[in-house]
Amino acid sequence: MLKKTLFQLHWFFGISAGLVLALMGITGALVSFQDEILYAVNPSVLQVQKQAAGVLPPAELVQKVEAATGLKVSMLSVDIDSDIAARAFFTAPPGERRGPMRFFDPYTGELLGEASGQQFFGLMLQLHRFLAMGDSGRQITGACTLILVFFCLSGLYLRWPRLWKSWRAWLTLDWKKKGRSFNWDLHSVAGTWCLVFYLFSALTGLFWSYEWYSKGLTQLLSDSPQNERVRNRGPAPSGPAPVADYSAMWSSIYSAAGPGLSFYNTRMPPVAGQPATVFYLLKDSPHDRALNQITLDPATGDIKRHDRYSDKSFGAQLLTSIYALHTGSYFGIGGRIILTLTALTMPLFFVTGWLLYLDRRRKKRQIKDARKGLVQPAGNAPAWLIGFASQSGFAEQLAWQTAGQLQAAGLPVKVQPLASVSEQDLQASDNALFVVSTFGEGDAPDSARGFERKVLGQSPSLERLNYAVLGLGDRQYQHFCGFARRLHSWLGEHGGKSLFTPVEVDSGDPYALRHWQQQLGQLTGQAPVDTWQAPSYDNWTLARRELMNPESSGAPVYMLGLTAPSTSSWLAGDLVEVLPRNCPWAIEHFLDGLGIDGRATVHLDDLSQPLEQALASRQLPENRAHLVGLHAQALVDALVPLAMREYSIASIAADGVLELIVRQQLHADGSLGIGSGWLTEHAPVGSSISLRVRRNSGFHLPAEPVPMILLGNGTGLAGLRSLLKARIADGQQRHWLLFGERNREHDFLCRNELQEWLTSGDLERLDLAFSRDQAEKVYVQDVLRQRAEELKKWLADGASIYICGSLEGMASGVDQVLNEVLGAAEVERLIEQGRYRRDVY
Numbered sequence: 001m002l003k004k005t006l007f008q009l010h011w012f013f014g015i016s017a018g019l020v021l022a023l024m025g026i027t028g029a030l031v032s033f034q035d036e037i038l039y040a041v042n043p044s045v046l047q048v049q050k051q052a053a054g055v056l057p058p059a060e061l062v063q064k065v066e067a068a069t070g071l072k073v074s075m076l077s078v079d080i081d082s083d084i085a086a087r088a089f090f091t092a093p094p095g096e097r098r099g100p101m102r103f104f105d106p107y108t109g110e111l112l113g114e115a116s117g118q119q120f121f122g123l124m125l126q127l128h129r130f131l132a133m134g135d136s137g138r139q140i141t142g143a144c145t146l147i148l149v150f151f152c153l154s155g156l157y158l159r160w161p162r163l164w165k166s167w168r169a170w171l172t173l174d175w176k177k178k179g180r181s182f183n184w185d186l187h188s189v190a191g192t193w194c195l196v197f198y199l200f201s202a203l204t205g206l207f208w209s210y211e212w213y214s215k216g217l218t219q220l221l222s223d224s225p226q227n228e229r230v231r232n233r234g235p236a237p238s239g240p241a242p243v244a245d246y247s248a249m250w251s252s253i254y255s256a257a258g259p260g261l262s263f264y265n266t267r268m269p270p271v272a273g274q275p276a277t278v279f280y281l282l283k284d285s286p287h288d289r290a291l292n293q294i295t296l297d298p299a300t301g302d303i304k305r306h307d308r309y310s311d312k313s314f315g316a317q318l319l320t321s322i323y324a325l326h327t328g329s330y331f332g333i334g335g336r337i338i339l340t341l342t343a344l345t346m347p348l349f350f351v352t353g354w355l356l357y358l359d360r361r362r363k364k365r366q367i368k369d370a371r372k373g374l375v376q377p378a379g380n381a382p383a384w385l386i387g388f389a390s391q392s393g394f395a396e397q398l399a400w401q402t403a404g405q406l407q408a409a410g411l412p413v414k415v416q417p418l419a420s421v422s423e424q425d426l427q428a429s430d431n432a433l434f435v436v437s438t439f440g441e442g443d444a445p446d447s448a449r450g451f452e453r454k455v456l457g458q459s460p461s462l463e464r465l466n467y468a469v470l471g472l473g474d475r476q477y478q479h480f481c482g483f484a485r486r487l488h489s490w491l492g493e494h495g496g497k498s499l500f501t502p503v504e505v506d507s508g509d510p511y512a513l514r515h516w517q518q519q520l521g522q523l524t525g526q527a528p529v530d531t532w533q534a535p536s537y538d539n540w541t542l543a544r545r546e547l548m549n550p551e552s553s554g555a556p557v558y559m560l561g562l563t564a565p566s567t568s569s570w571l572a573g574d575l576v577e578v579l580p581r582n583c584p585w586a587i588e589h590f591l592d593g594l595g596i597d598g599r600a601t602v603h604l605d606d607l608s609q610p611l612e613q614a615l616a617s618r619q620l621p622e623n624r625a626h627l628v629g630l631h632a633q634a635l636v637d638a639l640v641p642l643a644m645r646e647y648s649i650a651s652i653a654a655d656g657v658l659e660l661i662v663r664q665q666l667h668a669d670g671s672l673g674i675g676s677g678w679l680t681e682h683a684p685v686g687s688s689i690s691l692r693v694r695r696n697s698g699f700h701l702p703a704e705p706v707p708m709i710l711l712g713n714g715t716g717l718a719g720l721r722s723l724l725k726a727r728i729a730d731g732q733q734r735h736w737l738l739f740g741e742r743n744r745e746h747d748f749l750c751r752n753e754l755q756e757w758l759t760s761g762d763l764e765r766l767d768l769a770f771s772r773d774q775a776e777k778v779y780v781q782d783v784l785r786q787r788a789e790e791l792k793k794w795l796a797d798g799a800s801i802y803i804c805g806s807l808e809g810m811a812s813g814v815d816q817v818l819n820e821v822l823g824a825a826e827v828e829r830l831i832e833q834g835r836y837r838r839d840v841y
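According to the numbering used here, numbering within the sequence shown proceeds without interruption in unit steps and concludes at 841.
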């Protein structure tokens, strides 16, 4: 809870105060080297010729300057034995705090010209301290400086790596990252580099922002707080002008400072009767603000108080050096350069912070847009109930499309996941449509397991309910559309009246979907405006293909990188559907003996193309007896299209490339599976892959930044990797990954990446199960059983469980362990809360 709160405050203050801090950083960097820049721009004004006789004494300098200007000197600033011009400030006109300033030659007393750039740096200082808005600007910059302290401390806490003793975890930037991942890495790593310097600047800068802070710092550090000069921001006092004997003052100054004097600054009091103040530096001063202070009577030169920097305690020296600490000059020219560079990087955090914020906003909009924006009826108004149960998101998509068709016909609709549909909802409804998928061997999707247990186990009276069922499944499984059939039977057995025969869809069959639309059109009396089309595929480019497990005893696993033909986006956890192709030698082998030339022209999908090209997208049966004697076009017409293959996406959209982790499937005869063979071997790098991204809402990230437990084996790491990358890009770190494969030596997929995340703290815990590395095989579910107590602690903290991998073996084994450790009721509760999600195959 603390981490979530700090994260929310961190980004909120970042987008609100970030621009002011960026402006303060840039202006502060400019002002810190103001003197050097002005000297470089105005060499004829600000640099003088050194003379062996030395600078003139103050009395003579004041006399010459006042005679040349006709003004009264109130402050004199002189560098002794240097080529730097001296400065004279004159008495302020009535109603103003500071009078004009002129440069002069301290060796001759000659007035010099105006230095260009002074107004610019005056504006920069005003912006830096007050935003050029006076006292209200001071309050803003002061508040933003306090926020900078919060940024430093909260940022340190939010990115605290697990291996905090590793300097690489703190300070190294991965230049291979792209998009949001790179922005987050840059924001956090650069922030770590700058953290100490920002704290330095902020904690010293507050001295000029708040009176309470400066008084508190003075009370804490000063040797005699009651004697410290208090800054006066009120109007200048009025009264007769002071009388000054500069000869007597110089005698006192020189005798007090000695021959090591290198700089002095005399400040006359605003009215008579008050002491003058002299600040001076010695040649062996540790830095340019190690000032010694003399308080004396300007008329007689009598010293009333002399504070030497060297006599002060360390705390008092720091208080005297507060400006030097703020600019870095306390540490010499190196310190100034470092503080200036870190100040110049301040806009970097504003820009990257905004990019991260806008990316979060974009993702939230995508989620909102995915709900189609349909209006649900308020309260208990009568409406068509549309319940859906989806494992991969397709049923949910169809449910919303169904709702859109009914709403277009003027019917009110209410779309709900089956998990939230109760027995009372069914009894209170007159009309209901159910769009449900079947998971595995006839099971209900994870999200509907609670519905099947709680509702289908009851015997309500549904005499008033009219219903229809759209079932999604795959005929490769024995219990095709098993859950949809059970739901239809239960509704009928308890009095429900079927509006029409259930529609069963095999692998997204477009003809079955159009039949469902037509049936809905007959119910509403209005034909559908848009006929649902078979999903369209884009031609993506296979940009790279890398073997991930060289010398493995198992089948090869490849990392594939694909680039979109145009702008494309997806969410972590989504899937891709790939239309595979037969390889050329398989087509050649199929045509051998049929007596048909592969170069013969045929028509397919309204396009003329060679037969061998058309056969690349068709299923090629082993038994060809029924095909003998057919001509080329008849042969193509007799063959059914290849079924699409689904793969979990292993990257995030911000990476700029869609990555898949695919294992080659080997048949008994040694041939490769069509889908995996096409992607991992037959398709040349640089060629086109027919592909579409499909939403998988059941495997998306939690709405809240709760801890995550991720379990997977083999290529199931793909879906988990995308979730991890998205969470890490959002700055989340409470992740526990349990991953299994054959051998650590050859099958540790994404080893470097996972270990880097573990080192940086982006992955809090990593448990591995390499089944072949010991005599007794150890799998992911075995490691989970061993970590039962840790599992309970994470779940008590609100963690969600995500599983990606093979259904047979790992996923079913993990499910069994969860039921053993937590109990069946608790597992069902996690499913109903959306805290137990699976993407298994």
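Please note that the accuracy of each hint is not assured.
[Claimed, not checked] Dumping the calculated BS3-like pairs for lysine-lysine here, alpha-carbon to alpha-carbon at most 27 Å:
(1) 312 x 215
(2) 215 x 72
(3) 72 x 414
(4) 283 x 304
(5) 454 x 414
(6) 50 x 283
(7) 777 x 454
(8) 497 x 414
(9) 792 x 777
(10) 64 x 50
(11) 283 x 312
(12) 497 x 454
[As the list claims (entries may be wrong)] Just the calculated beta-carbon pair ranges, DEER-fashion:
(13) 412 x 669: 18 to 28 Å
(14) 630 x 526: 39 to 49 Å
(15) 66 x 300: 45 to 55 Å
(16) 686 x 537: 13 to 23 Å
(17) 412 x 136: 50 to 60 Å
(18) 537 x 501: 26 to 36 Å
Hints were generated in silico from the structure; no laboratory data involved. Where is the CB? At the ideal position from N, CA and C, for every residue including glycine.
Each hint, compared with the structure:
1. 312 x 215: At roughly 18 Å apart (the allowed maximum being 27 Å), residue 215 and residue 312 satisfy the hint.
2. 215 x 72: violated (33 Å)
3. 72 x 414: Judged against 27 Å, a Cα distance of about 85 Å means the pair is violated.
4. 283 x 304: holds (24 Å)
5. 454 x 414: holds (21 Å)
6. 50 x 283: With a Cα-Cα distance of about 17 Å, the restraint between residue 50 and residue 283 holds, given a limit of 27 Å.
7. 777 x 454: violated (38 Å)
8. 497 x 414: Measuring from Cα to Cα gives roughly 19 Å; hence the hint holds.
9. 792 x 777: Holds, at about 25 Å.
10. 64 x 50: holds (19 Å)
11. 283 x 312: holds (18 Å)
12. 497 x 454: OK: residue 497 and residue 454 at ~22 Å, within 27 Å.
13. 412 x 669: 18 to 28 Å: 57 Å Cβ-Cβ, so the 18 to 28 Å window is violated.
14. 630 x 526: 39 to 49 Å: The hint (39 to 49 Å, Cβ to Cβ) holds, given that residue 630 and residue 526 are roughly 43 Å apart.
15. 66 x 300: 45 to 55 Å: Given range 45 to 55 Å: violated, Cβ gap about 21 Å.
16. 686 x 537: 13 to 23 Å: Given a distance of about 18 Å, which is inside 13 to 23 Å, the answer is holds.
17. 412 x 136: 50 to 60 Å: Once the Cβ atoms are compared, 54 Å apart, the range 50 to 60 Å for residue 136 and residue 412 holds.
18. 537 x 501: 26 to 36 Å: holds (31 Å)
Comparing the model with each earlier hint shows violations of hints 2, 3, 7, 13, 15; every other hint is respected.
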